[in-house]
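Taken in order, these protein sequences are the chains called F and U.
Numbering that gives the first Met the number 0 applies: residue 0 is where the first sequence begins, and numbers increase by one.
Numbering that gives the first Met the number 0 applies: residue 0 is where the second sequence begins, and numbers increase by one.
Be careful, since some hints might not be right.
Stated by the list, open to error - Only some residues are given here: those of chain U computed to face chain F with a beta carbon under 7 Å:
| hint | residue |
| --- | --- |
| 1 | I50 |
| 2 | E68 |
| 3 | I71 |
Claimed, not checked - The calculated BS3-like cross-link candidates involving lysine-lysine, where the alpha carbons are at most 30 Å apart (straight line), are:
| hint | chain 1 | residue 1 | chain 2 | residue 2 |
| --- | --- | --- | --- | --- |
| 4 | U | K101 | F | K94 |
| 5 | F | K52 | U | K94 |
| 6 | U | K56 | F | K55 |
| 7 | F | K94 | U | K55 |
What the hints assert, rightly or not - Stretch by stretch, here's where chain F covers chain U in the computed footprint (C-beta under 8 Å, at least three residues):
| hint | segment |
| --- | --- |
| 8 | 39–49 |
| 9 | 54–65 |
| 10 | 73–87 |
Note that these hints are calculated values from the structure, not bench results.
Built from N, CA and C at the ideal position, the CB exists for glycine as well.
Number of protein chains: 2
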Amino acid sequence: MFNAILKTIVEGTGGGIGAVLMGYDGIAIEQHFEPCEGIDLHLVAVEYANILKEIKKAAVVLNIGFMEEVSIRTERFLVVIRALSDEYFVALTLKRDGNFGKARYLLMKEAGSLREALA
Amino acid sequence: MFNAILKTIVEGTGGGIGAVLMGYDGIAIEQHFEPCEGIDLHLVAVEYANILKEIKKAAVVLNIGFMEEVSIRTERFLVVIRALSDEYFVALTLKRDGNFGKARYLLMKEAGSLREALA
Numbered sequence: 000m001f002n003a004i005l006k007t008i009v010e011g012t013g014g015g016i017g018a019v020l021m022g023y024d025g026i027a028i029e030q031h032f033e034p035c036e037g038i039d040l041h042l043v044a045v046e047y048a049n050i051l052k053e054i055k056k057a058a059v060v061l062n063i064g065f066m067e068e069v070s071i072r073t074e075r076f077l078v079v080i081r082a083l084s085d086e087y088f089v090a091l092t093l094k095r096d097g098n099f100g101k102a103r104y105l106l107m108k109e110a111g112s113l114r115e116a117l118a
Numbered sequence: 000m001f002n003a004i005l006k007t008i009v010e011g012t013g014g015g016i017g018a019v020l021m022g023y024d025g026i027a028i029e030q031h032f033e034p035c036e037g038i039d040l041h042l043v044a045v046e047y048a049n050i051l052k053e054i055k056k057a058a059v060v061l062n063i064g065f066m067e068e069v070s071i072r073t074e075r076f077l078v079v080i081r082a083l084s085d086e087y088f089v090a091l092t093l094k095r096d097g098n099f100g101k102a103r104y105l106l107m108k109e110a111g112s113l114r115e116a117l118a
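The shape of chain F in the complex, shown without the other chains (with noise of 0.2 Å):
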């Protein structure tokens, strides 16, 4: 079911190369990938995983609430970031020019089911 889901929001996001469902140990629990050449997206989003801890923590510290999305626009990728608990959140990785704001609204709109999935 997390498949299903990992997949709506990834055809769903114009330009969308791929979704994972991870904790922030940096152990995905699902993944769904278009193929995509020079780049190995399960990878970024590990990597991602330790960044988005000290986020997590820095918002705490720093008394800014917690942290709901991160996003990060490098040359050639986007990735929309939203944490769906404390243990685990959903990333979505685009092509530059893909659909910033669809990728949001998906994230957001499928953030409930996620979060029921894994209750």
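Given the structure of chain F, go ahead and fit chain U onto it with the hints provided.
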């Protein structure tokens, strides 16, 4: 001149609270903050400088291209960060319900002037 540009960005963004021009070493060159209770925005930027350094490193290692923009949404705030060079970035903090699109647009638009002023 830095201050005038930062002021333009903060005041032009609906819900803008503060902007800081900072090195990845956490040392601010200039900042412009509207009064905001219960938060030290300078500290927020310092904390994020560390995280950005990690993201920058990760982007290179992962071969996903240089980091250009990072945004972080928490329960209380929205922080939009734009890389200016290998050494400097500009971070804009806005209220959670602030105008995210306008924030990204103004940071992109003013990045050139900031880079020129830094040169």
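Now the hints, each set against the structure:
1. I50: holds, 5 Å
2. E68: holds, 4 Å
3. I71: Since chain F brings a Cβ to about 5 Å from I71/U, closer than 7 Å, the hint holds.
4. K101/U / K94/F: Holds. K101/U to K94/F sits at ~22 Å (cutoff 30 Å).
5. K52/F / K94/U: With a Cα-Cα distance of about 23 Å, the restraint between K52/F and K94/U holds, given a limit of 30 Å.
6. K56/U / K55/F: holds, 19 Å
7. K94/F / K55/U: Holds, because 18 Å separates the two Cα atoms, which is no more than 30 Å.
8. 39–49: With 6 residues closer than 8 Å to chain F, the segment 39–49 of chain U meets the three-residue bar; holds.
9. 54–65: With 9 residues close enough to chain F, the hint holds.
10. 73–87: Our answer is that it holds, as 4 residues pass the Cβ test (under 8 Å) against chain F, meeting three.
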